[in-house]
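Number of protein chains: 2
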Amino acid sequence: MPENEKWQEQMLAVVGPKGFVRADDDMAPWLTDWRGRYTGTAIAMLSPATTQETSDILKIANENAIPVVPQGGNSGMVGGATPDESGQSIILSLRRMNHIRSIAPEDQLVVCEAGVVLQSLHEALAEKRQRFPLTLGGKGSATVGGLISTNAGGTQVLRHGTMRALVAGIEAVLPDGSIFDGLAALKKDNRGYDLKHLFVGGEGTLGVVTAATLKTVPALVDRCVAWAAVDSADEAYQLFRFLESRAPLSLEGFEIIPATCLASVLRHIPDTRSPLKDAHRWHVLIEIVRDQADAQDPRSVIENLLATALERDLIKDATLAASEQQAEDFWKIRDSISEAERANGPALQHDISVPVAGMAQFINEASPVIEAKFPGTEVAAFGHMGDGNVHLHVKAPPGAQTPNWETDYANQITPLVHDLVIAAGGSISAEHGIGQSKRTELERLSSDARLTMLRAIKTAIDPKNIMNPGKLVPLASGQSGS
Amino acid sequence: MPENEKWQEQMLAVVGPKGFVRADDDMAPWLTDWRGRYTGTAIAMLSPATTQETSDILKIANENAIPVVPQGGNSGMVGGATPDESGQSIILSLRRMNHIRSIAPEDQLVVCEAGVVLQSLHEALAEKRQRFPLTLGGKGSATVGGLISTNAGGTQVLRHGTMRALVAGIEAVLPDGSIFDGLAALKKDNRGYDLKHLFVGGEGTLGVVTAATLKTVPALVDRCVAWAAVDSADEAYQLFRFLESRAPLSLEGFEIIPATCLASVLRHIPDTRSPLKDAHRWHVLIEIVRDQADAQDPRSVIENLLATALERDLIKDATLAASEQQAEDFWKIRDSISEAERANGPALQHDISVPVAGMAQFINEASPVIEAKFPGTEVAAFGHMGDGNVHLHVKAPPGAQTPNWETDYANQITPLVHDLVIAAGGSISAEHGIGQSKRTELERLSSDARLTMLRAIKTAIDPKNIMNPGKLVPLASGQSGS
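If you read the sequences in order, they're chains D and W.
Count the first sequence with my numbering and you get residues 124 to 605, in order.
Count the second sequence with my numbering and you get residues 124 to 605, in order.
So here's chain D without its partners, still in its complex pose:
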């Protein structure tokens, strides 16, 4: 350790040797994001075991103006947890803070530390007949702190909201090391600006989330998964509105899938087959659940509703999963789309959202605009219709070389997609956040008022710009870290 780097000794004294890693080999897994798109370097990785240790580390970092990159499971999608290449940063891993502090099933609350892995949380709650109604592919690595800092979504947002709706309280350490204790779950609290909501989706740029009080719901009694066919995205929307008005409290999933995506899955993913015999233009995956034993059987709920929908010509055909295995098979089709599309050839993927009522129109109108402007491309749009969340893939023209495609077209097609989203009143980031990958576009497409506020808040709370610099907030030129 260089003698002039006294702050490293101070940090080592705080966390002890178990929480201090300098060797490149030991740090390597945490220097690259999981999709392999961003790689950085760091002076060291610090892993505090307590909120107080986190506070002490930030105090030292702030005094010495050391950039701090908070990290949870390192499974983010936008490079938000990867240090830059300057080699001046430290990684602050929250993974050692992995205690569930308390579970109160009667209050439907759980208090857990930032490093608790989502799957562990699910398992701990299942023992108490509770569940945390948010899940996603990376649940085996994603941590509570990361889920909060990225305001994670998933397939249950329709009924339970994003992470933001599930956070009842937060504990965080500010850049100067002071501890914000907002863990108390108060249903009514009018003591000024809601600070909790700044940390949710804040991507670690205002401080470090160290713990949270999360809302839980009763464990599921059972569920029924259905597959239906419709002629258009508009029809899918009509079906969604119909189901939502009739079963608002048990409709937990509503995903739309175009014929092209289904075909990709059937072609590339082993052990998949189409739930319906005939070919259809659009498909819908529906999940109905119950979490009270005396509530209506979800199977009879969806059976009746789909029968009515068929009578009213809202759907062309439908089938119910006959078993839990078949339910999983239906979901596997939905969850394999990205993988199948990748096997199909290079494609640009966009995580965008529009108002729910405008989603069908957006899909209908945006796709031909993109395909016309970039001949040979093919657009596939699927996603969570109940949330207005479109996963929009633009597939490369047949024969396009991957490197050429990415370098030549990405910088043209993505801005066009984003322009169309903004014109539809939407957001260029639905689920994944801004991180490194969308910062330039956020700056290009935000109003002066929005940028002014983002910058003002960032600069006010983190005046030395030590918290995850270069992520999320496009600072004005001339400001440090821009």
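It is worth saying that the hints were derived from the structure and are not from the lab.
Treat each hint with caution, since some may be false.
Note that identical chains are pooled: a pair holds if it fits in a single copy or bridges any two copies.
[Stated by the list, open to error] Listed below are the simulated EDC-like cross-link pairs for lysine to aspartate or glutamate, each with C-alpha atoms no more than 16 Å apart in a straight line:
#	residue 1	residue 2
1	Lys338	Glu367
2	Lys141	Glu529
3	Lys182	Asp571
4	Lys251	Glu229
5	Lys262	Asp440
6	Lys587	Asp401
7	Lys338	Asp230
No experiment lies behind these values; they were computed from the predicted model shown.
Starting from the structure of chain D, add chain W where the hints point.
Relative to chain D, chain W alone:
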């Protein structure tokens, strides 16, 4: 108009004579809060008719460093909309911006301007068979902008949340006049810090809310109101948990009332009588609703649940309102408590909250502490048990002179109440906000981290401190307007 006050001419040019009032007589109703506790003076009252006019006014105010006091219905509880006595401010009334821009029943959204009065909103939605599930005593004057800026509550928070949960999008003008257009109702939007949540409960200190997209729910089909008796606050809590677990989706009201408060109402409020024959220590008002015609009849829901509760000894007795008139009579008892208590003699009223699970304990433990420390006082606690929201009244000792009582005791009793609230992990403001009346206590009882963040945000977004100075944020000494 003095020649040197060119900015007044500029503002007059923006809003025209209809939107510009200088005469003290014309301004008088808006210079005092409705409870008559705060009175200020102002140079003029500006009433813009559009968002653009609001923007133009703020630009001029910011350039000339003129303090701006935004005002809606002027029915707030903490002096948050009353100018100070310096006579240097302008009142910015949003009451002319009273258009409902659009109602979309199928999307369950309404877009309305800040000056729309709550009752008008209720009426406009009723025509579309929708409702806005928030109401309060001042609904005939309270405006949407004021409800948002104070994060208003009410008796339906249990099921539908406070104003914060009902705001899907916001349009606001920042202190520099720039317009933040966040009206699009996006279910998923991860573009950085959630700016909407800063304006909700921001008390006009960061800018002016000019319009909002609000969530609506289906109009009620019917409701059933019940009155039950329990032996203690703990029993009331057990009953609450029982009902919430059995009818989570139709329980819309759960209010607890101690025997002393019921007695006050029966003594002082004409045309009231006790719903139950016998005397009981605690009373509970329960409202069960349905907003789908094919949902279970609320009368049979509550009848069955209360029968089970009686069997299990969760309640001592209960009765159902036999008619809508009787339902209103039950609610009248609850809504008259404050008035009845005032007729009883002087009392200090506190609007506080604690975690729901801790409310019974707080009531049990705080009351004797207060009564012991201030002999002769009597504490009455009632309120929204489902929200942890306690209305805590400390009645003066018999024979206490009102002026003496207020001056001698208020400054001792209220801090004690607040200390007890903080010790219970609660909030010194549940519904009413901070405004002028709780700013000193907020400063005394907030952690450094909370104060640092409140101040940093305020100073960053409103560097000239023109927006409602002296309200909500206790600025550090030396900062302007502190």
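Hint by hint, here is what the structure shows:
1. Lys338 to Glu367: Between copies only: 15 Å across, 23 Å inside.
2. Lys141 to Glu529: Answer is neither: 42 Å inside a copy and 59 Å across each miss the 16 Å cutoff.
3. Lys182 to Asp571: Between copies only: 14 Å across, 33 Å inside.
4. Lys251 to Glu229: within (10 Å within a copy, 38 Å between copies)
5. Lys262 to Asp440: neither (33 Å within a copy, 49 Å between copies)
6. Lys587 to Asp401: Neither, since 61 Å and 67 Å both go past 16 Å.
7. Lys338 to Asp230: Only inside one copy: Lys338 and Asp230 sit 9 Å apart there, 26 Å across copies, limit 16 Å.
In the structure shown, a violation is registered for the earlier hints numbered 2, 5, 6, in ascending order.
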